[in-house]
Amino acid sequence: MTNLLTIIFLISLFYIAVSGRLFVCINLLIVQGLMLFGIAFLSLREINIINLLVVLTETLLFKAIILPYYIKKMVIKNKIKRQVSPFISGFSSLLTVSILIILSFVLGIYLQNAQLKLIYITAAFSGIMTGLFLIVSRKEIIQHIIGYIILENGIVLLSFSLGNKTPMAVNAGILLDILISILLFGLFMNKIAKTYKDLDIDQLNKLSD
Amino acid sequence: MGLLIYIIAVFGLATFVFFVRKQTAQYIAASVFCVVQLTFNYLLIVRKDLFNEIFFRVDALSIIFISVLSITSVTTIINSFVYFNHRRENYFRRGIYLASLFMLFACMCGAFLSDNINILWILAEATTLCISMLIYHERNEEALEATWKYFFVSTIGLSFSFIGILLLNAATNVSGFSSLTFSSLMSEKILITNQFLFQVSFLLIVIGFSVKMGVFPLHTVCIDAHSVAPGPVSAIISTSLMNVGFVSVFRFYQLFAHTSLSNWMSHVMLIIGVLSLLVATVYMLKVDNYKRLIAYSSIEHMGLITIGIAVGGIAYFAVILHLIIHSFTKAGLFYQTSQFVRIFKSKHIEDTGGYFKISPSGGILMLFLFLVIMGIPPSGLFFTKLMIFQSLINSGYLWLLIIMLVLLVFILWAFGKNIFHILFLKVPPAVQECKPKVSFWENIPQYFLLILGLFIGLNPPVFLVNIINEAVQYLIK
Chain A
1 MTNLLTIIFL
11 ISLFYIAVSG
21 RLFVCINLLI
31 VQGLMLFGIA
41 FLSLREINII
51 NLLVVLTETL
61 LFKAIILPYY
71 IKKMVIKNKI
81 KRQVSPFISG
91 FSSLLTVSIL
101 IILSFVLGIY
111 LQNAQLKLIY
121 ITAAFSGIMT
131 GLFLIVSRKE
141 IIQHIIGYII
151 LENGIVLLSF
161 SLGNKTPMAV
171 NAGILLDILI
181 SILLFGLFMN
191 KIAKTYKDLD
201 IDQLNKLSD
Chain B
210 MGLLIYIIAV
220 FGLATFVFFV
230 RKQTAQYIAA
240 SVFCVVQLTF
250 NYLLIVRKDL
260 FNEIFFRVDA
270 LSIIFISVLS
280 ITSVTTIINS
290 FVYFNHRREN
300 YFRRGIYLAS
310 LFMLFACMCG
320 AFLSDNINIL
330 WILAEATTLC
340 ISMLIYHERN
350 EEALEATWKY
360 FFVSTIGLSF
370 SFIGILLLNA
380 ATNVSGFSSL
390 TFSSLMSEKI
400 LITNQFLFQV
410 SFLLIVIGFS
420 VKMGVFPLHT
430 VCIDAHSVAP
440 GPVSAIISTS
450 LMNVGFVSVF
460 RFYQLFAHTS
470 LSNWMSHVML
480 IIGVLSLLVA
490 TVYMLKVDNY
500 KRLIAYSSIE
510 HMGLITIGIA
520 VGGIAYFAVI
530 LHLIIHSFTK
540 AGLFYQTSQF
550 VRIFKSKHIE
560 DTGGYFKISP
570 SGGILMLFLF
580 LVIMGIPPSG
590 LFFTKLMIFQ
600 SLINSGYLWL
610 LIIMLVLLVF
620 ILWAFGKNIF
630 HILFLKVPPA
640 VQECKPKVSF
650 WENIPQYFLL
660 ILGLFIGLNP
670 PVFLVNIINE
680 AVQYLIK
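Going down the list, the protein sequences come from chains A and B.
Sequential numbering of the first sequence, starting at 1, is according to the numbering used here.
Sequential numbering of the second sequence, starting at 210, is according to the numbering used here.
Everything labelled a hint here was simulated from the structure, so no lab data went into it.
You may find that some hints are simply not true.
[Claimed, not checked] Below are the DSSO-like pairs computed for lysine-lysine, each with C-alpha atoms no more than 30 Å apart in a straight line: (1) 191(A) - 358(B); (2) 206(A) - 73(A); (3) 191(A) - 79(A); (4) 194(A) - 554(B); (5) 358(B) - 139(A); (6) 556(B) - 206(A); (7) 556(B) - 197(A).
Extracted from the complex, chain B is given alone in its bound form (with noise of 0.2 Å):
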């Protein structure tokens, strides 16, 4: 019942949105929407009961997403105004990006929930739906190529993965896979029946689902989106559709981590996950453009996910604090970005410079998030990655470890080199005459994520540390 109230409140506020193109009743719809957002996830934590439906089932993993979810919907429609206000945006145009950001909250709240596999499915290609029209939203060449190839390429992955779970039907013994749902698929034994079925149906899964995740092999539509979309727009496709991406890969390969092949299972995940590695730190050495910069880091990072998925024990704790703490910090990124294009007036990084002097609050921030992003100490995200490659040594992987770590200190230099350049070198002179300003209450938002994340990551409170263990102990078992 609860769930449903809230789809409906949503779904009330989109098309009020839509309809109503005036500036005070967008800003009531989204204060609104930010407090429906809120309640529906404190009532999610303290009525579980409320939200457990035919298709729907709350369980830690759900309840984890969601809250960063909340949170980061708080900050994105805080910086979607501030973005509209600096850019005088037209009301139509608000309106639409308004009512669809609403409806994609709304679709992946969903998505974290379901409990059936279809309706997981049917949420993810919603998802794709709402997401294309914001990454549209500025309406120029590169939005619409980016829109279209996001699009196609996210319907034909999804379609993959749809003919992978039908496939699933007929690799197993559950009879029929008749209620589809992973509760009750996780309480039985499954057994798998046709092992080549089964090989084909997992891997068209996770490879129709990494166009969510952001891993290889469809990420580079990915990395469009995230070079054309407004900042607030591309902190939602790296932080909180990536989660749904990974949630979705997750439930699969819960599953079935107890049968014959999870062993093979683990080989898939391993080497998409390297691979990852591999692309992001190939094209963060070449890349040119501060916005794809950023979202190869967050391939990177879901590659090193994918690897601590796959070794496995320590490892599956810490690639879920792991993702809590990159979606803070990647947010947190992402927002930035819309001040320096709206300061520098292009995404290139050579016409960039001088961050620092223009705005010292944002110049502060930027490094930290930098520090906290790349896993430099106090950054959490230090001791998730010592998790996982501890797992990796603990596998017998001691070979793959070393070439990780030679990857990852290339990214670490491609990464550095480009924000410092942002930041430190001299302001360029087409900028110098603008003077621009940027106000210090702007970063407010993200100096919070920033505190979030480095709080959760030095120190993890008991009931956070409690849940992503019940998250994640029907594998460890």
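If we strip away everything but chain A, and leave its shape as in the complex, we get (with noise of 0.2 Å):
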């Protein structure tokens, strides 16, 4: 059952490569959170009720609900052109991303042992290199927000094949951080929409030496 979950988890990093709308984008984003919490809740060995709420909070409640609502309103409330606009085409994406998994599979081969499982690490990898393929190759500053959050996914994945023993009062604080730090993203991306006309990173140029 795992096994198809993260299945599902890799296909749908083809989809986000390839997709020209923002919001299917953001609908995989929930694809990813529910794939996420389904991992999480099968692969907890004890269910007590608070590893269980963290869990919720972690996958269901944060990655599948808070994001991607915070995302789309943040899409309609300054107007962000809903094509995304790559450097590269959506045939040269889908190549980088499959060379990426394969990467990840045979890193995840060099790498697995009794503790890491395959199947978890080349998810996981390419999750996380797949978000940083987004942030390079895409000039919206909303692309790169997802990018940020595919990456984050590739990383809880890779903590659950790791077989994370974090106390779980830790965990609630490396929630609270990344979830804070895409509040914020929001907060600096409305800025930056009222300043500049559209939300290209481009523009982003003053500072240099």
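Both chains come to you apart, so use the hints to assemble them.
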């Protein structure tokens, strides 16, 4: 079952890479959040109320509900154009993401041991690399935020694959940091939208030597 | 228990200044914060046992850097009010500024004290959140751009170090990094089971924290942040925040210093240090903004410090002393830049000149700060640099030392040329017309920092020497 969910997570990465519409990307974030919830829930060895609560808030509440909703609100509020305009074409993006996933697979084969399950590491590294790829290849700031969230999803998967044994209080702290940082991203994005005409990273070029 | 009280107090003060937007209230809150911070620091030194909690532990390193932080926090708050009053800042912005500043100090203290790897990461990320509000303070286009870049790159960078921390689990024999505390890991014998994985994770950690420490490769956003932030905030970025980065990297380095890969780690640090030095030199030669100039000087010093960690031996002691003196002096330099912005109404070096004439006391101060930061005797940095050089020779890097010395000469020339431009050239006519005035009293905190830096450099008190030796003893044994 977890394998299926992980594979759906991987497929969503492909879809994000080729999709030309912003709302599809955001909806895919919801899918990823749900998949993460499923994986976390199924891999919980003992279900006590605190663990369940943290996992629930971390994946279902934050990743599948609050963040996508917040980003959609940002898009509507700032009248961001709903089309994605990458530096490179959809086909090349697809190709790049495929190569990244193959790379993660090779890396996974090399790294796997009793602790690290192959499919988890592959999915985690694919998520991390695809997130980075989106940040590098897209011009719009909103896409950068989506890339960051995908990267974070990959990191969450990685921590599952390593048998996350950190105390729950610490987990909650990590969670809070990520949430606040995305809220602040939104805040500064609003300011950028007010200051500049559109939300392209090309305009941020005043500071240089 | 003590730490909890401190954090609640600071959090309360931050909420108070955020909501109560009256001048007197802000003055009172700032004074109370100074008292809280200094009391906390005093108790930290005399009653260590009050602060040992599950995730936090008081050790020599944290005491040193928290003391530096406390001293600079008081001068920063004084300078912030000077900055506010000259700009006639509205109380809403003052409130946000002070609240973020207090939270930032608390997060940095927590980061110095944290014993748990994840807590260290959480607090380092929290400092990013606080500092981005401070960088954005002037709310113009440049500030927005710098804030966005700093915030985004810093968050991504710290995500990298988090990946590194996760991978460390799999790379070593320590059972699942069960407790994940530095103190327990240092007492066990760590074996690296998967060399490649360890190398990847160490690189990720160092690259991630380089944004805080201000070394190659993610130093660029740090420079942008310096150039737009208010003077007192730049001072914090360049001193305590860089110290947070240093302490994080240092703790990880220390953890694996006695493993089979210690040699490889020191090579990584050496490369990072030399590249930082090189970048600083190249950009200092062409820079035309005095805040960026001083920021690149910080990159240079952090590069030297990274080299110091890499070569080890006597340099470990020198590195810590170097950081202390650098913190005091660099803070002084950045406080002065907010006077420059006010007088010359520009951050470009060609628009400046004749600062000595406008404010003789400030001019003398600036001259001495320049001498100290460049490591010209009687500066303490002269001796620490000498110790780092000695270690370099002892480790057989004479050729590298020669390259470094050439770079340092270029830095001295570039920095000196621009500082003397600001100090001694003719006052620009546009500035002359405004008849700018600088009160002598504004310079008092900076004089205090200068004298402190000079004193520590020339005659380090015995307790300071002991505590520095205690901080680095794990590496030396």
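Hint-by-hint comparison with the structure:
1. 191(A) - 358(B): Roughly 14 Å separates the two Cα atoms, so the pair holds.
2. 206(A) - 73(A): 29 Å, holds
3. 191(A) - 79(A): 13 Å, holds
4. 194(A) - 554(B): 26 Å, holds
5. 358(B) - 139(A): The given pair, whose Cα atoms are some 14 Å apart, holds under the 30 Å limit.
6. 556(B) - 206(A): 14 Å, holds
7. 556(B) - 197(A): Holds, because 27 Å separates the two Cα atoms, which is no more than 30 Å.
Consistency note: the structure conflicts with none of the earlier hints.
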